[in-house]
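Student: Each chain, letter by letter, is given below.
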Amino acid sequence: MPAVFVVLKRELEEAISDRRFLLLCVLTLALTAVAALDGWQRTADSQTLKAQAERIEHETWVGQGSVNPHDAAHFGRFALRPVPPLAAFDPGVYDYAGASVWMEAHFQNPPTNRRAESQLSSFPLTTATPAWILSVVVPMIIIVLLFRSVVGEQERGTLQLLLVQNVPAHGLIVGKCLSALAIVGLFVVLLFATACIPALFTFSQDMDWGRVVGLLLTYLAGYMAMIGTVLAVSAASSSSSQSFWISIFFWIGIAFVVPTVAAQIAQDAHPTPRDREFVASIQEKAQAPFWLGGAQYEEVAVYEAEVMTQHRAMGADELGLNRDALVLQAHERFANRAYDQLYGELYATHLRQESILRLASAFSPILAIQQLSRGLAQTDTISQINFLSKAETHRREIIRQLNEDMMHNAADTSFRYTADKELWEQIENFALEPRSLADTVRSYTFEILCLLVWMMLSFIATAMLIRRKIGSSRL
Amino acid sequence: MMARRKGLEHALISLAFAAITAYAVISGLAWKHDVATEQANPPREHAETRSQWFTSLRRAESGESVSPALARPMNLPVLVQRPAGPLAQLAHRNEELYPSTATINGFTNEALIFRRYEIEGPSTLMHGQLDMVFVVVVLLPLILCLLNYNNLSTDRELGRLDVLITHGWRPSRLLWTRTIQHSLAPLAVIVVASVTGAILDDPTSPGVWVRLLGWLGIVSLYWTFWVALCAWMATWSKNPLNAALAAVSLWVGIVVLLPSLLQVVTVRITDPPSKIHVMSLARTAQAEALQSVDERVEAFMAEHGSEIPSEVENVAAYYRRAYVSNSAINSKVGSLLDEYNAQLDDDLKLLDYLQVLSPANSIHRALHEVAGSGIVRAARFQREVRMFFRHYFASIGEATMNQQRLSVTEAEAIGELRFAESPSWSTIVTAALGLTVLIVVVLLHCARTSRRLEHPVG
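Which chain is which? The protein sequence lines are A and B, in order.
Going by the working numbering, the first residue of the first sequence is number 2, and it counts up by one from there.
Going by the working numbering, the first residue of the second sequence is number 2, and it counts up by one from there.
FYI, nobody ran anything at the bench for these hints, they're computed from the structure.
It cannot be assumed that every hint is accurate.
[Unchecked claim] Cut-off 20 Å, straight-line C-alpha distance, at most; resulting in silico cross-link-like pairs (SDA-like, lysine to any residue): (1) B:K7 / A:F250; (2) B:K276 / A:R20; (3) B:K276 / A:I428; (4) B:K276 / A:I57; (5) B:K276 / A:R21; (6) B:K276 / A:A281; (7) B:K7 / A:S239; (8) A:K51 / B:T285; (9) A:K391 / A:I428; (10) A:K51 / B:V279; (11) B:K239 / A:Q243; (12) B:K333 / A:Q53; (13) B:K239 / A:I57; (14) B:K276 / A:T113.
[Claimed, not checked] Sample of chain A residues facing chain B (criterion: CB under 10 Å; computed from the structure): (15) T61; (16) A129; (17) R324; (18) F364.
A virtual CB, placed ideally from N, CA and C, is assigned to each residue, including glycine.
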C-alpha cells in the first residue's frame, strides 16, 4: 500500500474514534440545523412582510384619489429592499442597514427601519446564523481535530515508527493533508447541506445556484487555509499543549480580535458624520441656497432654457407651462447635485470603512470568508449601497414625472390642480435588479486572493515544518 | 524555572488585557466627549428658530404687527436629545444603533419623529465599538480561563499533588490560593479602568457613584462566577491538555454558543415586532387621514364654529389643515406604536427571565442598564419622546384650530423634554440573583469534587 494511503487510513481511523471530535461535529450539526431553520423562517417572514408592505404601498399610492402632484410627491413612496434568498444563510450586514427608503419631493432620505433596532439582544459575537457557524465554529473544530496531528506523532513516538516503516516525508505530508481535507470536506458538505436545504427548497425559484456553488467553494478554500495553518502550527510546536494554545489564540485572533479591532480602526480612521451634522448640511447645501439664497433664479433660468430648447419654444408662457412646477423641478435638479455630493461622500466613507475590514482579511482567513460570503449572499455593504442608489434614481424619476405632469397640465391653477389615478398608475413600482455574480466576484477579488495566498503559504509552511520535524526525529 | 516562566506568561497575558481595557476606556471617553460636545451645542438653526419664534410671539403679544405665518403654534420647534448615560463611556458599543434625536413641531406626526438618523456604516455598526462591556463579558472569562486552566493539572499529571497532600497541603486550599492569586490581576484591571473611566468623565454627575458601585458589583459577581468555574474545572482535569480543552470549551460554550442559542430561542418565542409592518400600517393611516382631512375640518367647524373668533378668515387655513391631518394620523399611528412598544416591553420582560439561562447575556444586559445604554434605555427614550409629543400636540391644538397664537406663558408651559434616567432594576436584580444561584451551585459542586482530590481513588 502506498505510504500516502497508510497515513490517510490511520488518520481517518483516529478521527472517527476521537469522541471529542465526533461530539463537536454532532453539536455543530445540531446548531447549524437550528440556525438554518431560524434563518429560513426569518427570511420567509421578511419576504412575506415585504410583499405585504409593497402591496399596501401600491394600493395606497394608486388609491390616493385626486391630489395635487406635488402633494403626492410629498406623500412620496417607499422603496423596500429585496430580501435575497441567501439571506437565510448569511444575513450579513442587512440587519444593521435600513430596509426601506422614503422617496419624497425635495429630499433624498437615508434608509430607515433597521431590523437590528428591534432585536432584543445586542450581545457581541453572536449571530447564530449558518454562515456564522460555518465561518467561526467550524475552524475551531478543525483545530480540535488537527492540533495534535503532527506533534502528537512525535509525543507518542509514532513518527519514528512511520519512519522505520520507510514512509517518505512527502507521503506523510500528503497523507496528513489529504486526510484532513477528506474529513473536513465531508463534514462541511454535510453542514452546508443542513444549512442550505430549508432555504433551497423554499426559495428555489429565486435561487442563484452559481452563488450557492461560490459559497461552498469559499468555505472550502477558507477551511483549507485553516487546515494548512493548524497543521503548520502542530508541526512547529514542541508539545500538544503548545500547539493547542497557539492554534486557539490564532482562532480567537482571526475570529474575534481582528474583526473587532479592524472595525474600531475603520470607525476611528473614517468616522461617519453625526446625523445632525448631516441633516444640517442637507439644509445648507440642498435647501437653503435655493429657497432662501439666490440660487433659484439661475437654476430656474437654466432649466427653463433647457425645456424651451426641448420644445423649441421661446418661453414658458408660450407653452403654457406652470411656473411653480418649473421651479419645483429646478429645485430637484439643484438639490440632486447636492445629494450626489453629500451621499456620495457618505457612501464613500462607508466603503472606506469597509475597505479597512477588507484589508484586515489579509490577516484573517475567517474575515475573508465572511466578506466573500456576504457578497455572494448579496447582504453586504456594496449591495446595500446598490439598493440605495437605485432607490434614489427611482425617486428622481417619480418626482420628475409628477412635476412635469403639473408643469404641463396645471396651467395657472398651480397647487389647486389635481391629478388622478391615471397618473399614479404611470408611476412604476420600485424594483431592484440584483448585481450579477460576475460583478460580485470582481468586487471581492482581494478576498479571493487572500484565501488563495493563505492556503498556499500555509501548505508550504506545513510541508517545510513537517520535513524539519522528520529531520530532527531522524537525528 | 517553570514557575518563573509561568509567572512571565501570566504577566504578559495580564498586560495585554490591561492594554485592551485601557483602549476600551479611552475609546469610550472619546465617544462620550463627542456626544456631549454635540449635544451641548444644539444645531444653530434650531436654537435660532426657537429664539426667533419666541421673539415674534412676544412682539405679537405686545400688539406689534407680526406676519401671520410667524410664531404659530405649529411652528414651535422642540429638539429632544438622548444624552449619553451616566456611565455610557463604559458601554457604548451599540449606542449609534438607536435614535438619539427627535425633532418635534406641529407638522410632525408620530411616525416621523425619529426620521433621518440612520446614516452609519452598516459594517461598522454590526461589529460595534470596543467597550468595557465587551471586555468584561467576553475577554475577562477568556483571560481567567487562560490564567487558571493549569492550576492543578500539571501537578496531578506529574504526581506532585500527592506529594503536596502528604506534606499536609489541602488540595482545596492550594486550588483556591492559586485561583484567586491568578484571578485578582484582571479584576483589579477592570476595577481601576472603570473607576478611572468614571472619574475622567464627570464624577459629579448625579447618581454616577451609585451606578459605579452597581457596575463593580455586577462585574465582581461575574468574576466570582468564572473564578468558581475555573476552580471547578481544575478539580477534574487530570492533565494540562484536557484542562486547556475544557477551558476553551467552557468559554466558547458560555460566551459564544449559549448566547447564540438564546438569541435564536428568544426570537422564535417572542417574535419581535416588525418595523416594516408598522411602517406599512402607518402609511395607510396617513393616506386615509389625508383623504379625509377636508371632511374632518368641516366636521370640526360644524361642532366648534361658534367658538372661533371672527378674524378667523384672515388667517391661512394651512396650519389648521395640517394639524387636523396630523391629528388623524397620530390617532392611528399612535396606537400602532403603542402596540409595538407594548410587545417590545413584554418581550424584554420575558428576556429578563430567559437570560438566566445564559450568564453572559444576563450580565451584558445588566451592565448596559446600570451604565445607562442599550436597547431598553433607547426604547424608554422613544416612549418618553412620544409621550412628550402627545402633550405638545394636545397643547397646540386649541390655538391652532382656532387659528390663534399661544400666549407666551402657554408656549413656555409646553417646555422641552429632559430625558429622565431610570435604570430597569428588575433586569439588574434578576441577573444578579440568577448569577448568585449559579455561583452557589458551582461552588458546592467544586467543594465536592475538591474533597475527592484529598482522597484520590487508587
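Student: Regarding the pair K276 (chain B) and R20 (chain A), is the alpha-carbon distance no greater than 20 Å?
Tutor: Measuring from Cα to Cα gives roughly 46 Å; hence the hint is violated.
Student: Regarding the pair K391 (chain A) and I428 (chain A), is the alpha-carbon distance no greater than 20 Å?
Tutor: 15 Å, holds
Student: Quickly compare the C-alpha distance for K239 (chain B) and I57 (chain A) to 20 Å and report which way the hint goes.
Tutor: 65 Å, violated
Student: Next pair to validate is K7 (chain B) with F250 (chain A); report whether the Cα-Cα distance is within 20 Å.
Tutor: 17 Å, holds
Student: Is the Cα-Cα distance between K333 (chain B) and Q53 (chain A) 20 Å or less?
Tutor: 19 Å, holds
Student: Any CB of chain B closer than 10 Å to the CB of A129 (chain A)?
Tutor: The hint holds - A129 (chain A) has a Cβ within 10 Å of chain B, the shortest such distance being about 4 Å.
Student: With the threshold set at 20 Å, check whether the alpha-carbon distance from K7 (chain B) to S239 (chain A) stays at or below it.
Tutor: Given pair K7 (chain B), S239 (chain A) holds - Cα atoms ~17 Å apart, limit 20 Å.
Student: Classify the hint on T61 (chain A) as holds or violated, based on whether any CB of chain B lies nearer than 10 Å to its CB.
Tutor: Nearest chain B Cβ about 4 Å off; hint holds.
Student: Is the interface hint for F364 (chain A) satisfied, with its Cβ closer than 10 Å to some Cβ of chain B?
Tutor: 15 Å, violated
Student: K276 (chain B) and R21 (chain A) were given as a pair; does the straight-line alpha-carbon distance stay at or below 20 Å?
Tutor: Violated: K276 (chain B) and R21 (chain A) sit about 44 Å apart, past 20 Å.
Student: K276 (chain B) and T113 (chain A) were given as a pair; does the straight-line alpha-carbon distance stay at or below 20 Å?
Tutor: 9 Å, holds
Student: Holds or violated: is the Cβ of R324 (chain A) closer than 10 Å to a Cβ in chain B?
Tutor: Hint violated; R324 (chain A) Cβ to chain B Cβ min 21 Å, cut 10 Å.
In the structure shown, a violation is registered for the earlier hints numbered 2, 3, 5, 6, 13, 17, 18, in ascending order.
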